[in-house]
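Visitor: Listed here are the chains, written in short residue letters.
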Amino acid sequence: LAKTTQPISMDSYEGQEVNITCSHNNIATNDYITWYQQFPSQGPRFIIQGYKTKVTNEVASLFIPADRKSSTLSLPRVSLSDTAVYYCLVGSASGGSYIPTFGRGTSLIVHP
Amino acid sequence: EAGVTQFPSHSVIEKGQTVTLRCDPISGHDNLYWYRRVMGKEIKFLLHFVKESKQDESGMPNNRFLAERTGGTYSTLKVQPAELEDSGVYFCASSQGLGLALNTGELFFGEGSRLTVL
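Protein chains in written order, with the working numbering: chain Z, 2 to 113; chain F, 2 to 119.
Careful: at least some of the hints might be erroneous.
[To be verified] With a cut-off of at most 25 Å between alpha-carbon atoms, the simulated DSS-like pairs for lysine-lysine come out as follows:
| no. | chain 1 | residue 1 | chain 2 | residue 2 |
| --- | --- | --- | --- | --- |
| 1 | F | K79 | Z | K4 |
| 2 | F | K42 | Z | K4 |
| 3 | Z | K4 | Z | K70 |
Just so you know, these hints were derived from the structure itself, not from any lab.
Throw the hints in and build the complete structure from the sequences for me.
Guide: Here it is, written out as structure tokens:
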């Protein structure tokens, strides 16, 4: 399974754009990159998923360079409610079983 | 549509006792996962069901843990006998079946069951 490396923590202010980068040097050809968000006392919640280039949804954007060895989650204009832990996962459904593997995640704190 | 529900939300038991955690996945989801987070550690995979079959149970810590998914609907995770190191939050997640080889599928997590073993 590909291992991911993320910053342990980040601080930001309301209204700023936040970019969280994840390294996954051992990513396999079939692996997708998925980001989850987790608030205290809740389960992780899916944010975005991509395979290559750029993916955008109503919550975030995901930038993946050509070599796919890293990815960047971009949160536009964060608010206090975006304070959470963000996890980067890589994995594929090869062999019929997809097992998302969590790393330590990045604790984002948004300040007023 | 109801999400993934877990019961109980919190359980406090003494060492040596038995606890059974229950997870009701989203209706129609073939895949059901159990994860565990021990305090200060990462969220760790325990096992994966596809319908009623155990697809991967490589993360189960030892034989004190027994997971079942009879009929391919809800799942239970029993810890017997519980030890102090079993304390943590147990998460259940479900996802739809994988139709394509490259489709990873979004996982929907429950709120977790917090287990405290004294």
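Visitor: All hints are to be evaluated individually against the structure, with a verdict given for each.
Guide: Structure-based check of all given hints:
1. Between F:K79 and Z:K4 the CA atoms are separated by roughly 30 Å; this puts the pair beyond 25 Å, and the hint is violated.
2. Restraint check: the Cα-Cα separation between F:K42 and Z:K4 comes to about 16 Å, which is no more than 25 Å; the hinted pair holds.
3. Between Z:K4 and Z:K70 the CA atoms are separated by roughly 11 Å; this keeps the pair inside 25 Å, and the hint holds.
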